[in-house]
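Number of protein chains: 2
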Amino acid sequence: MGPAPSILVRMRTAYHEQLEGLNTILGEMCDLAGAAMARATQALLQADLAVAEEVITDNDRMNELSARAEEQAFALLALQAPVAGDLRGIVSGFQIVADVDRMGALALHVAKVARRRHPAKALPEEVNGYFAEMGRLAVQLAQTAREVLTTQNPQDAIRLQEDDDAMDDLHRHLFTVLMDREWSHGVAAAVDVTLLGRYYERFADHAVLIGRRVVFQATGQTPEQYLEVS
Amino acid sequence: MGPAPSILVRMRTAYHEQLEGLNTILGEMCDLAGAAMARATQALLQADLAVAEEVITDNDRMNELSARAEEQAFALLALQAPVAGDLRGIVSGFQIVADVDRMGALALHVAKVARRRHPAKALPEEVNGYFAEMGRLAVQLAQTAREVLTTQNPQDAIRLQEDDDAMDDLHRHLFTVLMDREWSHGVAAAVDVTLLGRYYERFADHAVLIGRRVVFQATGQTPEQYLEVS
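Note that the protein sequences, when read in sequence, are chains A and B. Under numbering that gives the first Met the number 0, the first residue of the first sequence is numbered 0, with each subsequent residue one higher. Under numbering that gives the first Met the number 0, the first residue of the second sequence is numbered 0, with each subsequent residue one higher.
Calculated directly from the structure, the hints in this document are not laboratory data. A hint or two may mislead.
A pair holds if it fits inside one copy or across any two, identical chains being indistinguishable in the list.
Unchecked claim - Straight-line alpha carbon distances no greater than 25 angstroms define the calculated SDA-like cross-link-like pairs of lysine to any residue that follow:
| # | residue 1 | residue 2 |
| --- | --- | --- |
| 1 | Lys111 | Arg180 |
| 2 | Lys120 | Ser5 |
| 3 | Lys111 | Gln160 |
| 4 | Lys111 | Leu169 |
| 5 | Lys111 | Ala74 |
| 6 | Lys111 | Glu200 |
| 7 | Lys111 | Arg197 |
| 8 | Lys120 | Leu226 |
| 9 | Lys120 | Leu44 |
| 10 | Lys120 | Arg197 |
| 11 | Lys120 | Asp57 |
| 12 | Lys111 | Leu194 |
| 13 | Lys111 | Leu75 |
| 14 | Lys111 | Phe174 |
| 15 | Lys120 | Ala74 |
| 16 | Lys111 | Arg201 |
| 17 | Lys111 | Gln139 |
| 18 | Lys120 | Asn152 |
Using the sequences provided together with the hints, build the complete structure.
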C-alpha cells in the first residue's frame, strides 16, 4: 500500500502542470485575438493594406495554437483519470478554444473588409469614432479574458459582461446613425458598416462567454448561480 | 477474477446507453433548430407576428435541452472511465451542444426582425425568393445534421459542406442585389437584409460544423484527413 499515495501525488502534479499548459496556450490565443483586432481596426480606420495583410497571414498561427490546445485537452482527458473539478476545467478548455478561435476569425473578417475596399476607406468619416472605440473595447475584452484565464478570479470574469454592455451601447448608437435619414454614404457603405458592427459585437460576446466559462471552471457554477449565493 | 469481465461489460453497456441518450437530446435540438428556422422564415416572409412569437417562446425549450445535454455529457465523463473513442464522442457532444444552441439563437434573431417590423414586411418583395430558398436550405441542413448524428455516417456528414456551398452562393447573390445601383428600398431595409443574410449563412455554418464533429466522432479524423485516406 506504501507507494500508492506518492504515485497519486505525482499524477496530480503532472495533471496540474498539463492543465496549466493548456491555460497558457489559451492565454496566448487571447493575446493573438486581441492583437489581431487591434491591427484590423487600424487597417480599417487608415485603409492600411500592409497591416490588413499581416492580420490575415498571422491567422495561421491562431489555427496552429487552436489545434495544439485541443490536443493538450484530449491528452488531459485521456491520460489521467480526472476528478469532477478537473473535468470542468478541461471541458471549459475545449469551449474556450472554440470561442477564442472565433474571435480570431472575426478580427480576420474586419481585416478582409479593409483589404477589399483598399485604397478607399471602408468607413465613412462619420462613423470612425464608433469603430475606434469598439476596437478599443474589443482589445480590452480580449485582454481581460486573458487575465481571468490566468487568475481564475470569478468576480473579474463576471465583469467582462459590463465591458460588453458598453459595446452593445455603441453598437446600438451606430445603428441609429445608419438609420438616420441624413445617411448620405449609400447602401454599399451601410452594408459594410452593418457587418463590421456585427463582427465587433460578436467578438465581445465571445470574450464574455470565456468569462462565463472561467466562472464555471473556478466555481462549478454559472455566473447567475454564483452571484445568487455570493 | 470471475465477475470482473461481466462488470466491465455492464459498465460499457450502461455507457453506450448514456451516450445514445446524449445523441438523442442533440438530435432533438437539431429538430428544434430546424423547426424554429422554418417558422422564423415563414414569419419573415409573411410578416406573421403570431408565428414569430411562437419561435421566440419556444426558444426556452432549446435552452432546457441544452442544459440537459451538458449535464448528460458531464455525467458520461465523470461516472465511467471512458476510452479514447468515447472521449471523442463526449467532447464532440459538448461542441455540438454549442453549435445547435447557436442555430436556435440565429432562428430567434430572424423571428425578432420579423416581429420588430410587423405589421410591415422586413423584406422588399425583390429578395423574398432568396430568403425562401435560404430558409429551405437551412432547414434541410438542420435535418441532415440530425440524421448524421444518428447514423454517424462520415460520408453523409461531409456532404453537409455541399449544401452549405449552395447557401454561400445564394448569400453572395443577395449581396449583388443589395449593391446594385437600382436598390430602391433605402438603407434601413438594406441593413435588415444584410443582417438576415448573415443569420442564415451562420446557421448553415454551424450545421457544417456539426457534420465535421460527427466525422471526428466516427473516425477520429478531421474531414480533410478522412478524405485523404479513404
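Under a CA distance limit of 25 angstroms, which applies to Lys120 and Ser5: within one copy, between copies, both, or neither? So Lys120 and Ser5 fail the 25 angstroms test inside a copy (64 angstroms) and across (70 angstroms) alike.
Is it within, between, both or neither when you check Lys111 against Arg180 at 25 angstroms Cα-Cα? This pair counts as between: shortest inter-copy Cα distance 23 angstroms, intra-copy 29 angstroms.
Give the relationship of Lys111 and Gln160 under a CA distance limit of 25 angstroms: within one copy only, between copies only, both, or neither. Classified as between: cross-chain Cα gap 23 angstroms, same-chain 28 angstroms, threshold 25 angstroms.
My question is about Lys120 and Arg197: at a cut-off of 25 angstroms on alpha-carbon distance, are they close within one copy, between copies, both, or neither? both (18 angstroms within a copy, 22 angstroms between copies)
Intra- versus inter-copy proximity for Asp57 and Lys120 (alpha-carbon distance at most 25 angstroms): Within one copy only: 22 angstroms inside, 43 angstroms across.
Is the C-alpha distance from Lys111 to Arg197 at most 25 angstroms within one copy, between copies, in both cases, or in neither? For Lys111 and Arg197, the Cα distance is within 25 angstroms both inside one copy (14 angstroms) and across copies (16 angstroms).
If the cut is 25 angstroms between Cα atoms, do Lys111 and Glu200 qualify within a copy, between copies, both or neither? both (17 angstroms within a copy, 18 angstroms between copies)
Up to 25 angstroms between alpha-carbons, please classify Lys111 paired with Gln139: within, between, both or neither. within (22 angstroms within a copy, 30 angstroms between copies)
When no copy is named, should Lys120 and Leu226 be tagged within, between, both, or neither for a Cα gap of at most 25 angstroms? neither (44 angstroms within a copy, 41 angstroms between copies)
Intra- versus inter-copy proximity for Leu169 and Lys111 (alpha-carbon distance at most 25 angstroms): both (22 angstroms within a copy, 20 angstroms between copies)
State whether the alpha carbon distance between Lys120 and Asn152 is at most 25 angstroms within one copy, between copies, both, or neither. neither (41 angstroms within a copy, 47 angstroms between copies)
At most 25 angstroms between CA atoms: does that hold for Lys111 and Phe174 within a copy, between copies, both, or neither? Cα proximity of Lys111 and Phe174: in one copy and across copies (22 angstroms, 16 angstroms).
Checked against the numbered hints above, the structure violates hints 2, 5, 8, 13, 15, 18; every other hint is satisfied.
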